[in-house]
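Undergrad: One-letter residues, chain by chain:
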Amino acid sequence: DSGVTQTPKHLITATGQRVTLRCSPRSGDLSVYWYQQSLDQGLQFLIQYYNGEERAKGNILERFSAQQFPDLHSELNLSSLELGDSALYFCASGDGLNTQYFGPGTRLTVL
Amino acid sequence: EDQVTQSPEALRLQEGESSSLNCSYTVSGLRGLFWYRQDPGKGPEFLFTLYSAGEEKEKERLKATLTKKESFLHITAPKPEDSATYLCAVPSGNQFYFGTGTSLTVIP
Numbered sequence: 072d073s074g075v076t077q078t079p080k081h082l083i084t085a086t087g088q089r090v091t092l093r094c095s096p097r098s099g100d101l102s103v104y105w106y107q108q109s110l111d112q113g114l115q116f117l118i119q120y121y122n123g124e125e126r127a128k129g130n131i132l133e134r135f136s137a138q139q140f141p142d143l144h145s146e147l148n149l150s151s152l153e154l155g156d157s158a159l160y161f162c163a164s165g166d167g168l169n170t171q172y173f174g175p176g177t178r179l180t181v182l
Numbered sequence: 180e181d182q183v184t185q186s187p188e189a190l191r192l193q194e195g196e197s198s199s200l201n202c203s204y205t206v207s208g209l210r211g212l213f214w215y216r217q218d219p220g221k222g223p224e225f226l227f228t229l230y231s232a233g234e235e236k237e238k239e240r241l242k243a244t245l246t247k248k249e250s251f252l253h254i255t256a257p258k259p260e261d262s263a264t265y266l267c268a269v270p271s272g273n274q275f276y277f278g279t280g281t282s283l284t285v286i287p
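These protein sequences, in sequence, are chains A and B. Every letter in the first sequence is one number past the one before it in our numbering, and letter 108, counting from 1, is 179. Every letter in the second sequence is one number past the one before it in our numbering, and letter 25, counting from 1, is 204.
Be aware that a few hints might be false.
To be verified - Only part of the chain B face toward chain A is listed, based on derived beta-carbon distances under 8 Å:
1) S207
2) G211
3) F213
4) K221
5) G222
6) P223
7) F251
8) G272
9) F275
10) T279
11) G280
12) P287
Said to hold, decoys possible - Pairs of lysine-lysine, DSSO-like flavour, derived with a Cα cap of 30 Å:
13) A/K80 <-> B/K221
14) A/K128 <-> B/K248
15) B/K258 <-> B/K236
For the record, the hints were derived by calculation from the structure and aren't laboratory data. Cβ coordinates follow ideal geometry from the N, Cα and C atoms, glycine included.
Isolated chain A (complex conformation) (with noise of 0.2 Å):
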């Protein structure tokens, strides 16, 4: 157990619907990042929050959008879906500079 958690474990959803991704990061982290994994692709860095202002931008769609509150959870807000955005979706956290600890991910499926 890394110690970070993200909810929904699964989610379905239909095309053209908006979701919401959470995650609570390890105790003392205060970087939050999010990855997507699409099958047979590898991990795709989407964004970087740390103590609520964002720090990195990735491969993040226009339709994506995340933000970091001040108790450091974070949400990933996946809006105007398409069959191509199912995949598991990452949140890791870490103290900025070096290791990343892996939440256990949440599977969106669009249908």
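Starting from the known structure of chain A, arrange chain B on it as the hints suggest.
TA: Quick look at chain B alone, frame taken from chain A:
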């Protein structure tokens, strides 16, 4: 462009048959190289961090080494429970670049 490449893509070993996995990188100004293990449908599990050429880290049957251009994950006398995908990652700027992994299967 920064890049992380892992080889082989897949590896099948008999139980007890030692081997090595490779991670090559072209990131300039390396600030660490990270190895993770990922089981199907699970989040990556941190294994090692290496910071400088010549450094080695060990954990049970795994040993990670680092040179200026690549890292190796040596698996000694693997067991079926070592079957997983092994990922390496390097930071560049504020991002982490992951390789696509080596899928290891250890046959009893």
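Undergrad: Now look at each hint and say whether the structure bears it out.
TA: We went through each hint and held it up to the structure:
{"no.": "1", "hint": "S207", "in the structure": "violated (17 Å)"}
{"no.": "2", "hint": "G211", "in the structure": "holds (6 Å)"}
{"no.": "3", "hint": "F213", "in the structure": "holds (6 Å)"}
{"no.": "4", "hint": "K221", "in the structure": "holds (6 Å)"}
{"no.": "5", "hint": "G222", "in the structure": "holds (4 Å)"}
{"no.": "6", "hint": "P223", "in the structure": "holds (5 Å)"}
{"no.": "7", "hint": "F251", "in the structure": "violated (19 Å)"}
{"no.": "8", "hint": "G272", "in the structure": "holds (7 Å)"}
{"no.": "9", "hint": "F275", "in the structure": "holds (6 Å)"}
{"no.": "10", "hint": "T279", "in the structure": "holds (4 Å)"}
{"no.": "11", "hint": "G280", "in the structure": "holds (6 Å)"}
{"no.": "12", "hint": "P287", "in the structure": "violated (27 Å)"}
{"no.": "13", "hint": "A/K80 <-> B/K221", "in the structure": "holds (11 Å)"}
{"no.": "14", "hint": "A/K128 <-> B/K248", "in the structure": "holds (26 Å)"}
{"no.": "15", "hint": "B/K258 <-> B/K236", "in the structure": "holds (19 Å)"}
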